[in-house]
Amino acid sequence: GENVEQHPSTLSVQEGDSAVIKCTYSDSASNYFPWYKQELGKRPQLIIDIRSNVGEKKDQRIAVTLNKTAKHFSLHITETQPEDSAVYFCAASIRYGGATNKLIFGTGTLLAVQP
Amino acid sequence: NAGVTQTPKFRVLKTGQSMTLLCAQDMNHEYMYWYRQDPGMGLRLIHYSVGEGTTAKGEVPDGYNVSRLKKQNFLLGLESAAPSQTSVYFCASGSPNTGELFFGEGSRLTVL
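Listed in order, the protein sequences are those of chains A and B.
Per the numbering used here, residue 1 is the first one in the first sequence, and the count goes up by one each step.
Per the numbering used here, residue 1001 is the first one in the second sequence, and the count goes up by one each step.
These are calculated hints, taken from the structure and not from any lab test.
Glycine included, every Cβ here is placed at the ideal spot set by N, Cα and C.
Treat each hint with caution, since some may be false.
Derived DEER-like restraints, expressed as beta-carbon distance ranges [said to hold, decoys possible]:
#1 B/L1069 - A/T69: 38 to 46 Å
#2 A/Q81 - B/F1010: 39 to 47 Å
#3 A/S12 - B/G1016: 39 to 47 Å
Construct all of the structure, not just a fragment, from the sequences and the given hints.
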């Protein structure tokens, strides 16, 4: 079955610096890779996703890159702000005919942005 | 539009007791999921459903059962609770058309 590894488990950066979180997946058939953000005591929420036919996707200060050959993908946050402090989860799944089946998550990264 | 609603939000059980967590969604989503969240373990998939009347095992299904009798509801049952099932449980739903999952607020379960 699918296995997703995520590093680092904790990350502390200064406000304005960049943060990078990396994930690897095991199932080469995986073709959908979302990232979720979970603030303290809240529910996880989707912040960005990428499909396997795309190598990079950007949304303002957030970008995700995918290397299918190496089976890893990364989240990049630039110009970090204190409100970026949260736990970030990567995930991977296999989509059949446009349908998402089971989504397997990494173990999470606690990002702390120091003012 | 309530989105995904979980009940109860908190529950304390004794070892061996049974209980059911209810998840309800009003977005007409085909897919529904139950995850548990433990410190350092991330979100682990317990069971999921791709449609009314169907269920499938996830990563950690042992000790849990589920039912999807109605499209909008997904029930998670613990027949004989164990301390190892102390966790925060999240329900989520999603559409075949997009990959995004919408999560409920979570249910904190403590088994003594």
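For each hint, the structure was consulted:
1. B/L1069 - A/T69: 38 to 46 Å: holds, 44 Å
2. A/Q81 - B/F1010: 39 to 47 Å: violated, 32 Å
3. A/S12 - B/G1016: 39 to 47 Å: holds, 43 Å
Going down the numbered hints, you'll see the structure goes against just number 2.
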